[in-house]
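Q: Construct all of the structure, not just a fragment, from the sequences and the given hints.
The working numbering runs 9 ahead of the 1-based position in the sequence shown.
There could be a bad hint or two in this list.
Said to hold, decoys possible - With a Cα cut of at most 20 Å, we get these calculated DMTMM-like pairs of lysine to aspartate or glutamate:
{"id": "1", "residue 1": "K28", "residue 2": "E60"}
{"id": "2", "residue 1": "K28", "residue 2": "D46"}
{"id": "3", "residue 1": "K28", "residue 2": "E47"}
{"id": "4", "residue 1": "K28", "residue 2": "D55"}
Everything labelled a hint here was simulated from the structure, so no lab data went into it.
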Amino acid sequence: MPEDEGGPALAPTLAEWLKAREETARHLAAGAKRTVDEAWVQRLADLLATERSWQDQYTELVALGSLDGRFPPSNR
Numbered sequence: 010m011p012e013d014e015g016g017p018a019l020a021p022t023l024a025e026w027l028k029a030r031e032e033t034a035r036h037l038a039a040g041a042k043r044t045v046d047e048a049w050v051q052r053l054a055d056l057l058a059t060e061r062s063w064q065d066q067y068t069e070l071v072a073l074g075s076l077d078g079r080f081p082p083s084n085r
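A: This is the structure we're talking about:
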């Protein structure tokens, strides 16, 4: 398992990503003020960084099973 070898651990990352998404949804549903909520902006920045990291790790894991060891390019 990749986690056993010091590789990416997707479960904790996914849990934090989902938690941050829920916080963002709650913030937006509460009718966010026009002023900037610094704490919310920081959580959003953390969410986006986590999502990029999670996508990179997941892509690497999926690529391990391909013939050439690479994730295919997008058709979009």
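Q: If you check each hint against the structure, which ones fail?
A: none
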